[in-house]
Amino acid sequence: QQPVQSPQAVILREGEDAVINCSSSKALYSVHWYRQKHGEAPVFLMILLKGGEQMRHEKISASFNEKKQQSSLYLTASQLSYSGTYFCGTEERGATNKLIFGTGTLLAVQP
Amino acid sequence: DGGITQSPKYLFRKEGQNVTLSCEQNLNHDAMYWYRQDPGQGLRLIYYSQIVNDFQKGDIAEGYSVSREKKESFPLTVTSAQKNPTAFYLCASMGAGPDLYGYTFGSGTRLTVV
Chain L
1440 QQPVQSPQAV ILREGEDAVI NCSSSKALYS VHWYRQKHGE APVFLMILLK
1490 GGEQMRHEKI SASFNEKKQQ SSLYLTASQL SYSGTYFCGT EERGATNKLI
1540 FGTGTLLAVQ P
Chain C
1294 DGGITQSPKY LFRKEGQNVT LSCEQNLNHD AMYWYRQDPG QGLRLIYYSQ
1344 IVNDFQKGDI AEGYSVSREK KESFPLTVTS AQKNPTAFYL CASMGAGPDL
1394 YGYTFGSGTR LTVV
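Taken in sequence, the protein lines are chains L and C.
So the mapping is simple: the numbering used here equals the position in the first sequence, first residue as 1, plus 1439.
So the mapping is simple: the numbering used here equals the position in the second sequence, first residue as 1, plus 1293.
No lab work stands behind these hints, which were simulated from the structure alone.
Any given hint might turn out to be false.
What the hints assert, rightly or not - Taking lysine-lysine and the DSS-like style, the derived pairs with C-alpha atoms no more than 27 Å apart in a straight line are:
1) C:Lys1350 / C:Lys1376
2) L:Lys1507 / L:Lys1465
3) L:Lys1537 / L:Lys1465
4) C:Lys1364 / C:Lys1307
5) L:Lys1537 / L:Lys1476
6) L:Lys1465 / C:Lys1307
7) L:Lys1465 / C:Lys1350
8) C:Lys1350 / C:Lys1364
9) C:Lys1302 / C:Lys1364
10) L:Lys1537 / C:Lys1364
11) L:Lys1465 / L:Lys1489
12) L:Lys1476 / L:Lys1506
13) C:Lys1350 / C:Lys1302
14) C:Lys1307 / C:Lys1376
15) L:Lys1537 / L:Lys1506
16) L:Lys1506 / L:Lys1465
17) L:Lys1537 / C:Lys1307
18) C:Lys1350 / L:Lys1537
19) C:Lys1363 / L:Lys1537
20) C:Lys1302 / L:Lys1476
21) L:Lys1489 / L:Lys1506
These figures come from a predicted structure and were not determined experimentally.
Start from the sequences, fold in the hints, and give me the full structure.
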């Protein structure tokens, strides 16, 4: 079963902040985050390997609540280059190295 | 430069035909994956392989087949049994061990049934 992402879409002005959530019904070993520009392949942003771990990629950070089986992606002071579709990929316990992706969150940053 | 090469970029298939999508990597990664992407549905796992000569079905394997005869190569065949093959197909790989770099994706193949 695919993890659920929310919101499905968000529109921001440059400099504004956003949060994207990813929730799974399964116990997780890790959570990955990727960004995909239109017509291109997804690009890896970060991986969270254990509960509570927070990672950072430029001004984008993420947290992982292992107990709640949830992860959140925080985009701070958004830039035009942040536009794209964000996917979480979850790795379930016992299913090493196999990711199940969420349905994605479309982020549009406007000048 | 290391990476994943998918070919062709665009592919047109007539109904009833089998087609093979190529995926080659020079990253020395053990694990390789095939995903299908449809609008609004994210990426869905078709097949994956953790090691040469071994592969497992993903969530939507029906109508597809794969082989893994070499570490570098993981071709996907879309058979005539796949009723709705029009989609964007992505190949990915990942290294073994404590890899903090996630999946590396190819640039994708857009398949259209005509």
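Hint by hint, here is what the structure shows:
1. C:Lys1350 / C:Lys1376: holds, 18 Å
2. L:Lys1507 / L:Lys1465: The hint holds at about 10 Å.
3. L:Lys1537 / L:Lys1465: Judged against 27 Å, a Cα distance of about 14 Å means the pair holds.
4. C:Lys1364 / C:Lys1307: violated, 31 Å
5. L:Lys1537 / L:Lys1476: Holds, at about 23 Å.
6. L:Lys1465 / C:Lys1307: Measuring from Cα to Cα gives roughly 40 Å; hence the hint is violated.
7. L:Lys1465 / C:Lys1350: Given pair Lys1465 (chain L), Lys1350 (chain C) holds - Cα atoms ~19 Å apart, limit 27 Å.
8. C:Lys1350 / C:Lys1364: Holds: Lys1350 (chain C) and Lys1364 (chain C) sit about 18 Å apart, inside 27 Å.
9. C:Lys1302 / C:Lys1364: Distance of about 22 Å is within 27 Å: holds.
10. L:Lys1537 / C:Lys1364: This hinted pair holds, its Cα atoms lying about 17 Å apart.
11. L:Lys1465 / L:Lys1489: holds, 15 Å
12. L:Lys1476 / L:Lys1506: violated, 31 Å
13. C:Lys1350 / C:Lys1302: holds, 24 Å
14. C:Lys1307 / C:Lys1376: This hinted pair holds, its Cα atoms lying about 12 Å apart.
15. L:Lys1537 / L:Lys1506: holds, 20 Å
16. L:Lys1506 / L:Lys1465: holds, 10 Å
17. L:Lys1537 / C:Lys1307: violated, 32 Å
18. C:Lys1350 / L:Lys1537: Holds. Lys1350 (chain C) to Lys1537 (chain L) sits at ~11 Å (cutoff 27 Å).
19. C:Lys1363 / L:Lys1537: holds, 20 Å
20. C:Lys1302 / L:Lys1476: It holds: about 16 Å lies between the C-alpha atoms, which stays within 27 Å.
21. L:Lys1489 / L:Lys1506: It holds: about 10 Å lies between the C-alpha atoms, which stays within 27 Å.
In summary, the numbered hints that this structure violates are 4, 6, 12 and 17.
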